[in-house]
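Model the placement of chains B, C, D and E on the given structure of chain A, informed by the hints.
What follows is each chain in one-letter form.
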Amino acid sequence: MAHVKEHVDVEFENPLLVEGLPGVGLVGKIAADHLVDEFDMDLYATVHCESLAPVAVYHDGERDVQPPVRIYAAPDADLLVLQSDVPVNAEAVREFADCFTAWLSGRDVTAVYLSGMAAKKGDSPPAMHGVGTGEGGARLEELGVDLPSESGVISGPTGALVNRAAEEGLDSVALVVESDPQFPDPEASRVLIEHGISPLVDVEVSVEDLVEHAEDIREKKEQLAAKMQQAKDEETSQAQPLRMYQ
Amino acid sequence: MAHVKEHVDVEFENPLLVEGLPGVGLVGKIAADHLVDEFDMDLYATVHCESLAPVAVYHDGERDVQPPVRIYAAPDADLLVLQSDVPVNAEAVREFADCFTAWLSGRDVTAVYLSGMAAKKGDSPPAMHGVGTGEGGARLEELGVDLPSESGVISGPTGALVNRAAEEGLDSVALVVESDPQFPDPEASRVLIEHGISPLVDVEVSVEDLVEHAEDIREKKEQLAAKMQQAKDEETSQAQPLRMYQ
Amino acid sequence: MAHVKEHVDVEFENPLLVEGLPGVGLVGKIAADHLVDEFDMDLYATVHCESLAPVAVYHDGERDVQPPVRIYAAPDADLLVLQSDVPVNAEAVREFADCFTAWLSGRDVTAVYLSGMAAKKGDSPPAMHGVGTGEGGARLEELGVDLPSESGVISGPTGALVNRAAEEGLDSVALVVESDPQFPDPEASRVLIEHGISPLVDVEVSVEDLVEHAEDIREKKEQLAAKMQQAKDEETSQAQPLRMYQ
Amino acid sequence: MAHVKEHVDVEFENPLLVEGLPGVGLVGKIAADHLVDEFDMDLYATVHCESLAPVAVYHDGERDVQPPVRIYAAPDADLLVLQSDVPVNAEAVREFADCFTAWLSGRDVTAVYLSGMAAKKGDSPPAMHGVGTGEGGARLEELGVDLPSESGVISGPTGALVNRAAEEGLDSVALVVESDPQFPDPEASRVLIEHGISPLVDVEVSVEDLVEHAEDIREKKEQLAAKMQQAKDEETSQAQPLRMYQ
Amino acid sequence: MAHVKEHVDVEFENPLLVEGLPGVGLVGKIAADHLVDEFDMDLYATVHCESLAPVAVYHDGERDVQPPVRIYAAPDADLLVLQSDVPVNAEAVREFADCFTAWLSGRDVTAVYLSGMAAKKGDSPPAMHGVGTGEGGARLEELGVDLPSESGVISGPTGALVNRAAEEGLDSVALVVESDPQFPDPEASRVLIEHGISPLVDVEVSVEDLVEHAEDIREKKEQLAAKMQQAKDEETSQAQPLRMYQ
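Protein chains in written order, with our numbering: chain A, 458 to 703; chain B, 458 to 703; chain C, 458 to 703; chain D, 458 to 703; chain E, 458 to 703.
Keep in mind the hints are simulated off the structure, nothing from the lab.
Remember, predicted model here, so these are calculated numbers, not experimental data.
Take the hints with a grain of salt, since some may be wrong.
Intra- or inter-copy, both count: the list cannot distinguish identical chains.
Straight line, CA to CA, 25 Å or less: simulated SDA-like cross-link-like pairs of lysine to any residue [stated by the list, open to error]:
(1) Lys677 / Glu552
(2) Lys578 / Ala549
(3) Lys577 / Arg527
(4) Lys684 / Asn546
(5) Lys677 / Phe496
(6) Lys677 / Pro656
(7) Lys577 / Val668
(8) Lys578 / Glu651
(9) Lys684 / Val467
(10) Lys684 / Glu592
With the rest of the complex left out, here is chain A (with noise of 0.2 Å):
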């Protein structure tokens, strides 16, 4: 039952799909949601799996509720996005991992993994490394993507669909990227756009936004988190304000 359903028929060539999961310093959401934005994005796909909570989202102004995980699309740039409002859950991650990577592997899609590192912050921005699978790591050599510098290990969803491209040899790049381990970290998503995503489109990416109004999005993704968490654990029907920054 588990599926992603594709609402529109949009043309591509060898695309890249920017996974913007909620994780650590929420560095892959913000990033995915200024994707959006910036190219202006439409709604190319919603994504069913069982381990997706099964809630209804409607936006300020709009007339249409939506499934929380859904992926864009920017043809012209050759590109997709997946955006999600919750959290993928935790002791199902595998399931999520399953459901999607089923979609991918039968598409011609470079997957672009994003996942944060803690770390204290410095003077100096975020540190950047990328690593892949399949043909993924010779893609990062070319564009001379840093390598890591000691071992580490990706867990969480993202770390499932990792190990998911892995096993099946899949084509794709995991950037990770130093974060502020608990709060959101426009500036880890802005190196993560300049550093890695950006290269990898062979387009340039604006992030005036996040470095402009970087103090603005923490805390409207703050609250964002907080009430994605709340949403989740509800057991009574109810609707819910997300006030989110998009």
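Relative to chain A, chains B, C, D and E alone:
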């Protein structure tokens, strides 16, 4: 095994089905019970999903004992109402949504999902907005129902039903009304009926009762909510009075 | 695998089956045990549902060891009794209802479900009312059994059995009697037999024993209830005396 | 997948199988271990049910490592013994009973189930009574084994095995002996052998060892019981000495 | 879905596979990591069982990200090593044993299982004994490996693997070494290699490194064990440094 069982043959055109599961402020339950009374509706079907407590309900002065979740019909008004005497098990909302939507999706029925949104009581009546899936949104647009003024998420069994409707592209609407966060809120139910259900059904529905006996309803529904919770948790076979208002 | 196993061949016409599972006041169990004694009934079948504790029961001075839930038969009175030495696991009442009703529904048997309803002891004997499914209600109507004087819900394994009977449209009756909320209540069982079961079976059933040895029965059933609970919770293989009254 | 695996070909007529799972007083385990020694029995089969801890057992001075639940054979005495080095998981006794009885029921084997019943030590030796399923009761009758003097219930894995034997109508006997409720009770095992197993096998079995080294056995079995419990709970891979008496 | 995936084609004769799952003293993990280094082994296969944490591991200075449990090969030495960066979920050891043994049993591979046995450190080096299944015991006999001096049980994932090997009659050996009960114990790993693995592989394996850098290894493995546990428990997507010694 989970299914909806129709007990009588009734002819409909393109009926509305008003969902009245217990949720915040019991706004859906109060509205649904009111509609069953006002339209003098007859039992049409009973709902047998795994996620519903397997209890038996009887009513004052009536000989028949029934399952706790039932669909009532008013064929003249082309109207169906989903009435529930028990809450849906929180951990099984997905199963309920699958089970009930499987029945809905094969029929030309437009579901009207009802949800409260916790808000402080003010001087003005509770605000209501509506969102939709499939052609549901357009229908609200024609009737001039308010758009959401901020983003939000619908959770619980009702959220799961809307989620499924969005996935399947079914025509449905979800009406969200501000509600007392803790106590049954007949005034919020009145707003749902006057500004949402009445225009959708295109029949004037009297809400006098909800206005005049608001305090009475509030008290009785509160007792009911307590009993419902208790009946669900009981391990030992026993009968318990419900003291419900209907 | 779950099923009812018939051990002997017995001919019935349209038998009643009196359900005697442990519940509030043990009203069903006391009534069922009394019927087995009074009619000198023989073992007819054993019940093997997943939700029943897999223990083995033996009786004082008898050589055969048996499963804990059994059906006894009195073919001359066209009567069956469901007798249980263990409670049904609360979290699995649905499975029990499915398992047992699967056997019932293929036979021309009218089930008589028995439930206590907690009430304070007064001067008058406990009140009893009856509700039904299928043709069961009409049968009670003919016999003049009281209607419920307020709405209520039957929960636990007995509630699940009635729920299933309502779903399937089987002929059944449910007799609800006021009962001591905490202790075994032989007087409530007497009311069930005198005003409900006796008229339904259309045979005078002596209840002298229940009246004369009420205190004795109460004490012994209380010991039994404690033992039943303990046996269900035991992890280690062992035998335990039941000290049951039969 | 669950099954019993026979490792050698042995011919039997209508063998007895003595069950020696750990239970109250370890009465079955002590008796079974004693029989394996006295008859100098050989490994015949290993038992692989889901409910058994998947651990590996090795013995002092022996090279082969084995599963923890095994069947030993003495073809000359037409005798099998079920020996276990681990307890059965309490929540899975039904699975064990299904798994083991599936093997039993296809063979012409009469099972002898052994159970302790907690009782205070008195001056006279522990009392024992026997009950049966199928033709098992008649066999006990011929041998003059005592009938139960009060009703009782056998629970745990042994109770589940007897329950299944009753359901399937298999020939089996269950011997119940008074036992120390907390500590290993070699005297109770002696009574089982002398007054139950020995007459059933129709061979004189020396119990001298159980009498002379009772204190020694009690201590060693107590250590074993502690170790068994610990091994079952261990999460980390490791080896642990069993210091068992055999 | 659970399976072992071979990534390259390698020819073997009758290879040994040394199992290096984390357990008491990390004796197996330290030995396995050492063998991978000493023989300069190449990645041969990755292990994808349900019971393994679905995380992704990357190594200092390397571009490829990998599943956490992998098989390395040294075809010249006819040797395979099972290396793991994560512990096996304790409640799913049976699944792991089934999953991995399904791969083993179809190949002509002799598994060498490694287990620590908690013991106080003394003046003499840790004692080691060996037991086997199938022809494994005979092989140890030829090499003069010590027999167990008291009975014992191997539990955890390694115990489950040995249990399955015994059930299936596969050729395997289990080496049990005395180990520090709480801390990583490189000396115990040295004993496993010198007195067990080296004779079995019939190749001299240098253990200098394990002796000279024992303290260093102990510390680094301790950090690793802490990290492994943490990564397994993390619910949020994130990357974490492993700081592993390899």
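Each hint, compared with the structure:
| no. | hint | verdict |
| --- | --- | --- |
| 1 | Lys677 / Glu552 | neither (30 Å within a copy, 33 Å between copies) |
| 2 | Lys578 / Ala549 | neither (32 Å within a copy, 39 Å between copies) |
| 3 | Lys577 / Arg527 | neither (32 Å within a copy, 32 Å between copies) |
| 4 | Lys684 / Asn546 | both (15 Å within a copy, 22 Å between copies) |
| 5 | Lys677 / Phe496 | within (21 Å within a copy, 46 Å between copies) |
| 6 | Lys677 / Pro656 | neither (28 Å within a copy, 37 Å between copies) |
| 7 | Lys577 / Val668 | within (19 Å within a copy, 36 Å between copies) |
| 8 | Lys578 / Glu651 | within (19 Å within a copy, 47 Å between copies) |
| 9 | Lys684 / Val467 | neither (33 Å within a copy, 43 Å between copies) |
| 10 | Lys684 / Glu592 | neither (38 Å within a copy, 29 Å between copies) |
Of the numbered hints listed earlier, those contradicted by the structure are 1, 2, 3, 6, 9 and 10.
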